[in-house]
Amino acid sequence: MANNAAIKINKLKKWFPVRRGFLATAFSREQLFLRAVDEISFDIKIGEVFGLAGESGSGKTTTGRLLLKLIEPTSGEIYFKDQDITRLSENELKPLRRRMQIVFQDPYESLNPRMTIRDIVAEGLGIQKIVRSEEEIEEKVADILKDVELVPPEEFLLRYPHELSGGQRQRVAAARAFVLHPEFIVADEPVSMLDVSIRAEILNLMLNFVEKFKVSFLYITHDLALARHMCDRVAIMYLGKIMEMGVTERVVYEPLHPYTQALIAAVPVPDPTSKRTRLPVTGEIPSPVNPPPGCRFHTRCPVAEDICRQKEPAFIDVGKQHFVACHKVAG
Amino acid sequence: MPMLDVQDLTTYYSTQRGFVKAVEGVSLQVDKGEALGLAGESGCGKTTVALSIMRILPTGGKIMGGKILFNDKDIVTLNEKQMSKVRWKDMSIVFQGAMNALNPLFRLGDQISEAILTHEAKVSKYKAMKRTKKLLELVGLEPKRAKDYPHELSGGMRQRGLIAMALACNPQLLIADEPGTALDVIVQAQVLSLMEELKKKLNLAMMLITHDLSIIADTCERVAIMYAGKIVEHGHVADIFKEPLHPYTQGLIGAFPSIKGARKRISSIPGLPPDLLNPPSGCRFHPRCAYTKDVCKTDDPALIEESEGNHFVACHLVSGKLA
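Chains A and B supply the protein sequences, listed in that same order. When you line the first sequence up against this note's numbering, it's residues 1 to 331, in that order. When you line the second sequence up against this note's numbering, it's residues 332 to 654, in that order.
Simulated from the structure, these hints should not be mistaken for lab results. Ideal Cβ placement from N, Cα and C applies to all residues, glycine included. Among the clues, some could well be false.
The calculated label-pair distances, taken between Cβ atoms and stated as ranges, are [said to hold, decoys possible]:
#, chain 1, residue 1, chain 2, residue 2, range
1, B, K412, A, S192, 40 to 48 Å
2, A, L279, B, L608, 38 to 46 Å
3, A, A330, B, D362, 49 to 57 Å
4, A, P293, B, K412, 52 to 60 Å
5, A, E305, B, T512, 54 to 62 Å
6, A, S287, B, P435, 13 to 21 Å
7, A, K146, B, K420, 24 to 32 Å
8, A, Y108, B, H482, 24 to 32 Å
9, A, V18, B, G364, 46 to 54 Å
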């Protein structure tokens with residue numbers, strides 16, 4: 001295994017059992033599963049920004065949570081710095097928690113409204129017993145607040161989340177994650193709730209941490225234009241599967257999978273001289289409870305053939321770290 | 332003569348702490364067959380402009396001044412009974428948030444025909460349903476979807492349903508408030524193409540309200556940029572994207588990542604939009620502007636025409652007072 005991988009997953013799978021009403025279960029024994037994540041594999045290198053992009057319901061958030069073991073995988077393996085963490089217990093995971101952190105999507109929900117900013121940021125320090133004294137806590141919290149540009153820190157320490165704007169709250173969420181100096185961060189749509197004019201500040205702030213501390217960064221987003229500016233490599237997910245993965249510029253400029261091509265064609269361009277190309281793809285993402293057989297995209301694919309409806313395409317290497325799962329590309 | 336001519340519109344919300352000056356002296360025009368994009372951050376007053384034009388401001392909201400000329404008739408002076416003849420028949424709106432704008436307890440078809448029955452007294456229920464089915468086809472839904480409840484429809488279908496509802500009484504002006512937000516990119520692109528198609532087919536005047544400049548670049552002919560209740564720049568989409576004059580517009584365009592062109596770090600505008608209970612004096616953007624001069628703090632810049640081709644901008648720096 002490559003030594004420079006911070007995190008590596010192999011055939012990771014998460015199926016959620018679907019609860020049904022009494023009659024449905026009485027007449028059918030079959031247990032239905034929502035296949036949120038279905039056998040995906042990738043690795044994230046040290047200091048790399050890895051993007052996971054896709055429509056809602058494609059399984060990107062579930063993947064992020066699985067990597068941090070916030071939920072248990074159905075099968076597959078997760079390695080963190082060459083250590084298999086798939087079957088570790090909560091207790092065994094605790095020391096690792098410090099090294100892997102998450103920033104959630106909605107800063108209006110992810111901060112406890114009854115805690116002060118100081119307590120929110122210091123909570124992890126206390127749990128992980130990183131600090132020896134109260135003074136050290138104060139110092140660390142003040143330092144990190146300066147790093148996320150909540151200055152002067154004294155002004156913010158004793159305030160509550162409702163007193164802050166959305167952008168400031170997301171800075172607090174970032175401070176809470178980064179104060180532990182983690183080696184791996186999952187950021188789940190960290191700016192989608194924020195106004196455009198302040199998005200860049202938050203993202204650049206996170207990128208600074210990535211560069212400074214060589215953090216590995218999983219960036220989950222539905223916004224390919226943003227992913228392109230943020231990420232070194234990107235994986236495109238659809239209904240629990242990775243359709244295409246590679247160096248961001250290659251995936252964006254030479255997308256091989258028809259789904260990636262559609263996704264990129266659909267992104268509006270902030271330039272009136274470049275007109276949108278006609279979309280070949282119709283319809284919306286099907287339910288992950290009974291995903292289509294064969295290639296999951298075949299119901300919407302403009303170039304689908306018989307084989308696509310029957311056989312699931314393999315995830316093949318087309319060279320230069322570029323992978324794609326499509327029969328048409330495989331030839 | 333433009334179809335919609337808003338002159339000096341001022342709308343305030345009265346609250347316990349005083350007036351929120353949500354819209355202040357906004358002027359804009361929309362012509363037949365033309366799409367105007369109204370862009371700005373949340374809280375800049377863009378939705379309030381739409382609600383003022385439709386005269387459906389929530390309690391506490393009041394038009395304090397200005398005119399809204401629709402086909403040369405000032406609709407600010409109309410009473411509620413007269414206004415209900417204009418609303419939906421002459422102009423209609425597609426609301427923000429396709430997920431919540433439909434009533435979950437009624438079938439889609441019934442909700443659309445309700446709009447027809449309310450505004451056209453002579454139409455029978457049967458005829459209204461027939462028209463509803465035609466409308467559903469027009470927006471790319473199967474007519475049998477009329478029988479579905481909102482929860483049986485996907486996000487894109489609901490948005491299409493809302494567009495059908497807005498078109499129910501053949502309006503001349505269609506206002507769309509964030510029509511693509513909350514939809515996935517592919518579905519969003521489908522909905523936007525549909526709106527462009529409808530605009531051509533029905534020769535509609537359209538006003539597209541969004542925070543997403545790239546959507547405007549894609550679908551509109553002209554754009555007005557709003558900041559803190561005022562229009563700061565206004566002109567043809569091509570001119571404004573090629574040469575934005577106002578520092579706020581420049582910042583906003585710089586903040587947009589593009590899927591094309593060179594990869595770069597995205598820039599941002601420091602600071603926060605102001606509290607509209609007490610907007611800043613002078614130019615409302617001056618606390619966040621990188622080029623602020625003394626005059627910006629005291630004098631409110633007027634929206635004046637710069638260069639040829641209807642490019643308007645409200646900035647002291649551009650107007651040459653400070654070169």
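We went through each hint and held it up to the structure:
no., hint, verdict
1, B/K412 x A/S192: 40 to 48 Å, "43 Å, holds"
2, A/L279 x B/L608: 38 to 46 Å, "44 Å, holds"
3, A/A330 x B/D362: 49 to 57 Å, "52 Å, holds"
4, A/P293 x B/K412: 52 to 60 Å, "59 Å, holds"
5, A/E305 x B/T512: 54 to 62 Å, "36 Å, violated"
6, A/S287 x B/P435: 13 to 21 Å, "20 Å, holds"
7, A/K146 x B/K420: 24 to 32 Å, "59 Å, violated"
8, A/Y108 x B/H482: 24 to 32 Å, "25 Å, holds"
9, A/V18 x B/G364: 46 to 54 Å, "49 Å, holds"
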